[in-house]
Amino acid sequence: MDFPYLSIIVFLPIIGAILIALLPHADPRRIKLTAAFFTLVTFALSLSLFFMFDQSLEGAQFVERASWIPPLDAQYFLGIDGLSLPMLILATFLGFIAVLVSWKIDLRVREYFAWLLVLETGVLGVFCSLDLLLFFLFWEVEILPMYLLISIWGTGRKEYSAMKFVIFTLAGSAMMLAGILLLYFHGGTFDMMELAGMGLEGAISTLLATAIFFLLFIGYAVKLPVFPFHTWLPDAHTDAPTAVSVILAGILLKMGGYAIIRVCVSIFPGVSQDYAVLLVALALVNILYGAAVTFRQRDLKRLIAYSSISHMGYVLLGIFALSQVSMTGATLQMFSHGLITGLLFALVGLVYNKTHVRDITQLGGLARRMPIIAVVFSVAGLAALGLPGTSGFAAEFLVFLGSFKSTLVDGIQTYAILGIVGIVLTAGYILWLLQRVFYGPAKAQYDGVPDADRLERFTIFSMVAVIMLIGIYPAVLTDIIKTGVSPIMASLGL
Amino acid sequence: MPSGVPLAIFLLPFFSFIVISFVIRPFLNSKPQLSGYITITSIGTSLILSLWVLAEVSSAPGHMLSMPDYEWLVIGDTVIRFGVTVDALAAIMLIVVTSVSLLVQVYSQGYMHGDPGYSRYFAFMSLFTAFMLGLVLADNLIILYVFWEGVGLCSYLLIGFWFHRPAAARAATKAFIVTRIGDFGFLAAILFLYFKTGTFDIGELHHLALAGAIGGTVLTWAAIGVFSGAIGKSAQFPLHTWLPDAMEGPTPVSALIHAATMVAAGIYLVARMFPIFASSLTAVTTVAAIGGFTAIFAATMGLVMNDIKRVLAYSTISQLGYMMLGLGVVGIGVANDAISLEVGLGLGVAVGIFHLFNHAFFKSLLFLGAGSVNHATGTFDIREMGGLRKVMPWTYATFLIASLSIVGIWPLAGFWSKEGILDHAWDHQTALFFLAMITVFMTAFYMFRLVFLTFAGEYRGGNAGHGGASAHAPSLRESPLMMVAPMGLLAILAVISGWLPVSSFLGGKSESFFGALAHPMAWVSMVLAGLGILLAYALYSARWLSVESLRRRFAPLHTLFSRKYWFDELYERVIVVRVLVDGIFALLNWFDTRIVDGVVNGVAGGTIAAGRVIRRLETGQLQVYGIAIFIGVLAIVACFLIFG
Chain A
756 MDFPYLSIIV FLPIIGAILI ALLPHADPRR IKLTAAFFTL VTFALSLSLF FMFDQSLEGA
816 QFVERASWIP PLDAQYFLGI DGLSLPMLIL ATFLGFIAVL VSWKIDLRVR EYFAWLLVLE
876 TGVLGVFCSL DLLLFFLFWE VEILPMYLLI SIWGTGRKEY SAMKFVIFTL AGSAMMLAGI
936 LLLYFHGGTF DMMELAGMGL EGAISTLLAT AIFFLLFIGY AVKLPVFPFH TWLPDAHTDA
996 PTAVSVILAG ILLKMGGYAI IRVCVSIFPG VSQDYAVLLV ALALVNILYG AAVTFRQRDL
1056 KRLIAYSSIS HMGYVLLGIF ALSQVSMTGA TLQMFSHGLI TGLLFALVGL VYNKTHVRDI
1116 TQLGGLARRM PIIAVVFSVA GLAALGLPGT SGFAAEFLVF LGSFKSTLVD GIQTYAILGI
1176 VGIVLTAGYI LWLLQRVFYG PAKAQYDGVP DADRLERFTI FSMVAVIMLI GIYPAVLTDI
1236 IKTGVSPIMA SLGL
Chain B
6 MPSGVPLAIF LLPFFSFIVI SFVIRPFLNS KPQLSGYITI TSIGTSLILS LWVLAEVSSA
66 PGHMLSMPDY EWLVIGDTVI RFGVTVDALA AIMLIVVTSV SLLVQVYSQG YMHGDPGYSR
126 YFAFMSLFTA FMLGLVLADN LIILYVFWEG VGLCSYLLIG FWFHRPAAAR AATKAFIVTR
186 IGDFGFLAAI LFLYFKTGTF DIGELHHLAL AGAIGGTVLT WAAIGVFSGA IGKSAQFPLH
246 TWLPDAMEGP TPVSALIHAA TMVAAGIYLV ARMFPIFASS LTAVTTVAAI GGFTAIFAAT
306 MGLVMNDIKR VLAYSTISQL GYMMLGLGVV GIGVANDAIS LEVGLGLGVA VGIFHLFNHA
366 FFKSLLFLGA GSVNHATGTF DIREMGGLRK VMPWTYATFL IASLSIVGIW PLAGFWSKEG
426 ILDHAWDHQT ALFFLAMITV FMTAFYMFRL VFLTFAGEYR GGNAGHGGAS AHAPSLRESP
486 LMMVAPMGLL AILAVISGWL PVSSFLGGKS ESFFGALAHP MAWVSMVLAG LGILLAYALY
546 SARWLSVESL RRRFAPLHTL FSRKYWFDEL YERVIVVRVL VDGIFALLNW FDTRIVDGVV
606 NGVAGGTIAA GRVIRRLETG QLQVYGIAIF IGVLAIVACF LIFG
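Chains as they are written, first to last, in this note's numbering: chain A, 756 to 1249; chain B, 6 to 649.
The following block holds chain A by itself, in its conformation from the complex:
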């Protein structure tokens, strides 16, 4: 076995968490530095995988395999391919960013950072696992830290929101577990690669295949989230601390999209195709309904949360348009949205920290007080509305293009055109938001409100840089993503 990169990446954060928990007479600064160190190393390692990744190969690389529960044939099986590598880089990057945006936390610092790092291990495990049981285990790891982070360090109705998050996730997990067990009983293995390659759909009845598909899909749809399973998201976002919002929007939602591709579509290409029209229609509901509801939000965080629902609709559209370009676009959209919305939440956190206001109608004229935050907020907003030169455009454009060209879904062109309506609506609510919060005459009540400090500038500028890089040269990622998408296309007969 080669050097175990993935195990180290996955478990470094939790080692950091243990270390933080054990640090003697920890002063907050040392804890923060420790957390920053561990997340930065994790990020650096996953970035090094980017350079070592062989783009000419399809299938998993950096594989680690060991027997884990022999009677069940469950394995400790890690590996990454073109789909998971971008997610891994995104998750480790945002993990580091999340520590930076938490720098001003002063309540129970030790526990906060420990849980934040445990959370990171959970999501990294999800993106690296190729064994369904292991995957499920990591999927569940994230729930406890999320519950604690929201209910202790949150604001507003935080207990309600935290509990809502847990109940929704667990309900989804129950479905997923049922689906995974059914897969195991009929496929005889937890190995995702093997399951995807064995043509399971042909071996079992259509009804059963459909049932398993939807059990799994609903589990993931809660996470993405897909209408009508989305109402936990605005509440969780609104009441979560900034860093948790960044991770929630940036990484946790992507677990849903990633799992839909990795498990649902890969193992059940035929069922995916049979129900593609329905799911694409659902994607349109997400896009348009999400955007419509976004217009009515007055709380900054709630507004961004609803816009996430709308943007995740493009992911669903790209996946079930079932073409190589659209699915590549969907994966790129996950990466892009993670950065853009992560940045937006970080910025909302900054605005709130400095003004203690999140109600849009009370804000106004902030560009004069915090020019740097205003500029970066505008850039992030423009990226969210899909302006060329930002990752948002590259991703959404590929989704539209791929959907238009798709040959497997009837009437997909009409849906794609309806999806484009979404970008007009997005322009509407984003620019209206900028206008109300940042433009107009400076308000006296915000006199003397400071702009971003040096650390905050570093954090938000680095995110802007990645957003622009992907926007200007998306091939950096799409060349990798397409190697992950190709096998799925092959199983669809393309």
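Just so you know, these hints were derived from the structure itself, not from any lab. Cβ atoms here follow ideal geometry from the backbone N, Cα and C, with glycine treated the same way. Among the clues, some could well be false.
Residues from chain A shown here face chain B by an in silico Cβ test under 8 Å; the list is partial [unchecked claim]: (1) Trp858; (2) Pro983; (3) Val1040; (4) Tyr1044; (5) Arg1051; (6) Gly1144; (7) Leu1156; (8) Ala1171; (9) Val1176; (10) Ala1182; (11) Gly1183; (12) Leu1186; (13) Ala1197; (14) Tyr1201; (15) Thr1233.
With the hints as your guide, set chain B onto chain A.
Relative to chain A, chain B alone:
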């Protein structure tokens, strides 16, 4: 010519933006004038390179240079490339954009002097110019769309340049969203064309369209989609409402937006895609009809506005309508086989773009003149002006030349290109021709209404600031040389640009200098223009007629025009607010909180309530449990007995 030259034309202003934003603004903020110098140097160099390109193109066979292109994105069999196209159309547009932009930047140094956002201003102006140049050079629809949106972004940034003014912030948002509604159609058309043909390359698309490889309905829909993008950018009816508000930006920005960038992009797009349009009669008829209607529709509103920039804005919309009309009517001729394809394709572009070319100079001059007047008087309201002829002779002279040019008086620039449009309208679409002729009269009237109210008579302003009217307020003086010199140069161009062989270079025909006067059409339109000027003179200078009584007599019309046909109210109050935000969106939001989330909370509440009820049964008293068990056993036994 090295193949890097066209690329450099785009990159120079782009680097100017980078240097200003990332070097000068953060590190050399005490020397903002550097930003102006860098912008001017880079755009000036681009102008020189554009002249070089023009020379190369005119000596190249077929006026077409082939340039290498590069891969940008490859996924499976989908390949997106980027490259530049250099032909006569692109070469002319490069000249228009770089020359107008250069003069506007020189002028801006005076106009923006001392503004705290000086560096930001020049950074955005550089970027604006760069994106427009990129748009002109793009050889495929994706790259064109990228720059198309980029141009939209810059106009958003520049219209909202003074973002602390609510009106500016609102106007910027409005401009972006209204144009994006058009872009929706454009993007859909790009995807649709790709879906049908498998290419984004403009040259290849033309080839396929002309060879008949694309179906008629496909072409019609694609052309209409592309045109909807152009409607938004070029502020044609019904997406015209953003442009009059766009003057909330600094005046030189308006000069650039109205002449060489942004609105010109829409006309350019239709010209660039002309073979697609000309292959569909429905599409070209739509273009001609929208253009012809917009020309007169905008002119009527221009008749009654009191803000000098607003009048000019409506005149821009109207003139852009002329350009669309020109493109459309020649297209109708081609689609009806009245003009052969070989002649028609070049002719259409020539008719439309020649007017864009001339318009660029006189319209930017008019805006710079308006800015110069504002520099002196501090207002844009023509009711507060008057008599400026004496104190601002240069501004007056150049403004007058530009006005005569836009009205279309021989031998000034506007005459030549407007005649071309009217001629072809007469040949191919008579109804629209008459509309265009009426518009000539209106144009003359509203332009000279401006001239007389601003420059003739006595000064009427200064009441507010100086306490009482004075013939010459002390601040009234001619603008500095920095501002007047570009205006002088533009005035020369506003006279002579029509004499340049632009039309024949683009593939149209050129009139001889005096030969043009042999056409009766030229006299009809000039007489109409003269009548317009005369009416303006009678009303606003000689005062033979009373403006008041005229307004009273036509009160309903006056209200209709000055309220802009209530389009702003319809769009903003009714559609956006009533129907969407407070209507459908509010309903969906209610649905989301009450129904979708309501069910969730209902299930949770139900579970808790059920728990509360069931909990009562758990009394802890053994007797009660015993009775329950007994009843249960009885029930089971009864079931067995009954159902066997």
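Right, here's what the structure says about each hint:
1. Trp858: violated (23 Å)
2. Pro983: At about 5 Å, which falls below the 8 Å cut-off, the nearest Cβ of chain B leaves the hint on A:Pro983 intact, so it holds.
3. Val1040: The hint is violated - A:Val1040 has no Cβ within 8 Å of chain B, the shortest such distance being about 10 Å.
4. Tyr1044: holds (6 Å)
5. Arg1051: holds (4 Å)
6. Gly1144: At about 7 Å, which falls below the 8 Å cut-off, the nearest Cβ of chain B leaves the hint on A:Gly1144 intact, so it holds.
7. Leu1156: holds (6 Å)
8. Ala1171: Since chain B brings a Cβ to about 7 Å from A:Ala1171, closer than 8 Å, the hint holds.
9. Val1176: holds (7 Å)
10. Ala1182: This hint holds: A:Ala1182 lies near chain B, its Cβ roughly 5 Å from the closest one there, short of 8 Å.
11. Gly1183: holds (6 Å)
12. Leu1186: This hint holds: A:Leu1186 lies near chain B, its Cβ roughly 4 Å from the closest one there, short of 8 Å.
13. Ala1197: Where the cut-off is 8 Å and the nearest Cβ of chain B is about 7 Å from A:Ala1197, the hint holds.
14. Tyr1201: It is violated, given that the least Cβ distance between A:Tyr1201 and chain B is near 13 Å, above 8 Å.
15. Thr1233: holds (6 Å)
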